[in-house]
Structure formats: structure tokens, C-alpha cells
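Undergrad: One-letter residues, chain by chain:
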Amino acid sequence: MSEAIISLQDVSFRYEEHMVLQDVSLTIHEQEFLGIVGPNGSGKSTLLKIILGLLVPQKGQVRVFGSSPFEARLRIGYVPQFATFDRNFPISVRETVLQGRLGKTRLIGGYRRADHQLAQQALEEVELADLANRPLTALSGGQLQRVLIARALACQPEVLILDEPTAHIDPKVEEGVFELLKRLNQRLTILVVSHDIGFISRYITRVACLNRTLVCHATAEITGEMIEQLYGAPLRAVRHDTILHTH
Amino acid sequence: MNTLLEALVSQPFMQNALLGGLLASVACGVAGSYVVVRRIGYIAGGIAHAVLGGMGLAYFLGRSPFGGAIVAALVAALIIGWVSIRWKKQEDTTISALWAVGMAVGVLLIARTPGYNVDLMSYLFGNILMIPQGHLTLIFWLDVGIVLLVLLFFKQLLVVSFDEEFARLRQVSVDFFSMLLLCLVALTVVILIQVVGLILVIALLALPAAIAGQFVHSLSRMMLVATVLGACFTTGGLAVSYQYDLPSGATTVLLTGLAYLASSIGVCLWRWWQVRQATEA
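Sequences listed follow chains S and B, in order.
With my numbering, letter number 208 in the first sequence gets 208, and the count goes up by one each step, no holes.
With my numbering, letter number 123 in the second sequence gets 123, and the count goes up by one each step, no holes.
Zero decoy hints are in this set.
Dumping the calculated BS3-like pairs for lysine-lysine here, alpha-carbon to alpha-carbon at most 27 angstroms:
#1 S:Lys-49 with S:Lys-182
#2 S:Lys-59 with S:Lys-49
#3 S:Lys-172 with S:Lys-182
#4 S:Lys-49 with B:Lys-89
#5 S:Lys-59 with B:Lys-88
#6 S:Lys-104 with S:Lys-49
#7 B:Lys-88 with S:Lys-49
For the record, the hints were derived by calculation from the structure and aren't laboratory data.
Okay, chain S solo, but in the shape it has when bound (with noise of 0.2 angstroms):
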């Protein structure tokens, strides 16, 4: 097996009284294109920040690149929920993903002709070159999420980490989002969180299901039948709260 990226070992995690995490268990290998799925509230937003360093676990420990999660963070590109921007910042394609470039980048005055650089490289490879100058406003779904990737790719990480990348934007764009995530998984580690498994399961290597606790499965032997059972899996796990353990 290659080398873990990120390991998780009996993680748990609760805001207050609510136990969103429990003993979960993971680890993300290189090359990897895992996809973390699981209803609404199910914690997938949380292990990410975990994974991220922004939130830390009452339990369980975590390496990223066999450091703290704080340490590896210039290691990790990120693209958060796109439905959650300011659709109206004043802000150029090009200067949001410039930002890709800080911690890297000089820390006084303006970015450098290498980020510069860098930055045009990112947008050749999400093909929004041409859009460089654009207001982000001009931008449709597809578009600011192809952007975003682009910021995230800006930061030259070693994985990329995508939280929720295909809500809110129709099925044909999302294709062209995985078929793009897919090309990047060539050279990059991939972790997608996503409530839709059905579509995911064409892309990703290793699908894990999540609940609160963790159930990993290898996308081969999710067929037909299995894709149906999980596809109906979040609907049915928020009434049925032990359905994840079944399959």
C-alpha cells in the first residue's frame, strides 16, 4: 500500500452535548480519490475542519503528512462550499486566486511575478484562462466552482480537499467538475465530501460512509444494486440511524 496522507485514529467529536463524530477511523493514501458521503448533518463538514486544523477532536488523533493537522495545512489545497460565498465581493477571477498563493507568497507589499505565474498555470488547467479579469458577480456556478479549484490548485498542495463541490450547480457542469477532478487525481490526492453517492461512485476509488461513525467501502464492489441501496442510504439514515451499518 502507498504511504497514508491522512490518518485518523478513534476520532470523536461533540459540540456541547451532541456527539457528531464517533471512533472514527480513517486513513487516505496517496494517488487516492476517496469520496466521504452521508446525510445532512452527518458530520461530514466536521471531519473536514478536523482534517483542516480548524476544529480540534476531544478524542482520537490525527496526522496529516505524519504531523498536526495546524503544521501540514500549506500541504492541503481547499475548496470550500461555493454556495456560501458573497456572490457580489468586489474581486477579480484572478485575485481570488492569487490568494492560493499566501503563506507561500512574501508576506509585505504585492504578490510576486511567480504567483503570478502559478496563478495562470491554475487557470489553464480548470481551461478559465480567458476569464482571468472577470468580476467574480460574472460568474455562473460552474464557473466560481472551477475558480475555486483553481485557488486551491494556486497553493501547489499535495491533496485537495473539496466540500460539498457539485451542490447547487446543474448535473452537466457537474460532470465537467469531476471529469476535471478526475485528470488532477492523476498527480493529486483526492477527498470529496458529498450527499450524492450516486453520481460520486463513477470518479472515486474508495467511498466512506458516514454517520456519525465511519463505514469504508472500495468503489469495485459498489455495483448496481449497491449503488441503489446507498443512493437511498442518507433519505432513509435520517429516520433509521443504524441503516449505514448494514451494508
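Given the structure of chain S, go ahead and fit chain B onto it with the hints provided.
TA: Chain B alone, transformed into the frame defined by chain S:
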């Protein structure tokens, strides 16, 4: 306008007033843009009112009210910044408390100050015609400081305003830059108090940048346009108030408000017309 020109040539206090307005518009455009994009108008309002406490204390102790205003504004900004980092849920209450308590302290101390009573109205509603030469120099250096800090840390201030979480992940010190931003706003508030007074400050801080935001789509251009607009409004306000013998601060703010209204209506009509054109075609 002729009257203003004549007055400018013959009256040194008018020259000071004009210069004061122009200098203030620089800080107003730069810091005002952050106030608009970060939506921290309420924080700016709180700082502005808390400033009266500092002015009152300085006045009571026989010191310069301007100095007291700077100290009070920075202290208020740091308290609000600190509370919003540590106890986000208490931010709103803290601002309300600083807002009113600052005013109360100011009013009490000014009332208790022995001797000739200061014109409280000029603190509250501004009196640009009385702006002393020394304040102009101070405003100039505050402008220089504000612009310099923004130039040096533009990218950090931008990302902190746009996407705090991402900034944190890139190891940008979000708390530090949020505090810095509030301090810049605080200094701008002090400058603008000279022009329109602390009650009306919020209009000059938010509206020029808000108008600019309706037409340009980058933060730096927003700052430039807001600065130019601020200069137009302070100069225009001065001219109108001089011509018709009106209070200058209120006139300036009214002019700014009308411009904002006109611009908003204009933008709405333009969008409506575009949609109509598109549906007809």
C-alpha cells in the same frame, strides 16, 4: 459656486475647510470600502459614538480632544475586535454598550468641565469651518499611515474580508489583520468626525464606497472611486452650506445620501431596462 471661490480666495478658514474635506476623503474611500465589503457599519458606528467618551475625558483633563478621540477610537476598536474573536455572540451587545456608554461618559465629563463650555454640537455634528491648521497636518499623517498599511498588507486584508476560513488555512493571521482593519476604521472615524461630526460619520464612511461598489468590481478601484466621490461630497457640501448658510456637516451628509439614493435608483432602472431589452430581443 462663485461664492465659494471668492470665499476660498479671501478666507483662510475656507481653504482649511476645503483641504480638510479633501484629506478626509482619502481615509473615507479606503477604510469605507472595507466597511462596506465586510459589512461592519454597526462596528464603525459604535466606535464613532464611543469616541465622545475619549473627547470628553481629554477635554476634562485639559488635553486635546482630538488626541482623546484617537485613543478612544483605537481602544473601542480593540475591545470590539477582541470580543468578536473570543465571544462572537457577544459582539453585538458589546458594540451597543460601547456606543451608549461612550456617549454618556462624554456628555457627563463635558458638563463637569469647569470654565467655558465647549460646543458639544460641533463634536456631534462636525464643524469643518473651525478646523485648525494643526488638525490638517495630523489628518494628513493619518492618511499616509492608513494608505501605507493598506498598500503593504492589501492581499491579507482582502482575503480576510473575502474568505476568513481560507485565510486561516493559508496561515494568514486572521485575528491580527481583522484587528488592524478595525484600527484603520477607527482612525478614519476620528478624521471624519472633524468633517461631519460623530453622529453623521457613518454616512460618509459607508455611502461613497457603497456607490462605488455599484459600478466597479475590484476593491482597489472601489477605494479610488469612493475617494473621488468623498472629495466631491465634502466639497459640494461645503459650497452649498456656505452659499445658503447651512450647517456644513448635515449638508454634506444629505448630499451624500441623495447621491446614494439617485445611484441606487439609476442602477435599478438600468437593470430593469436591460432585462426588458433582453426579453424583447
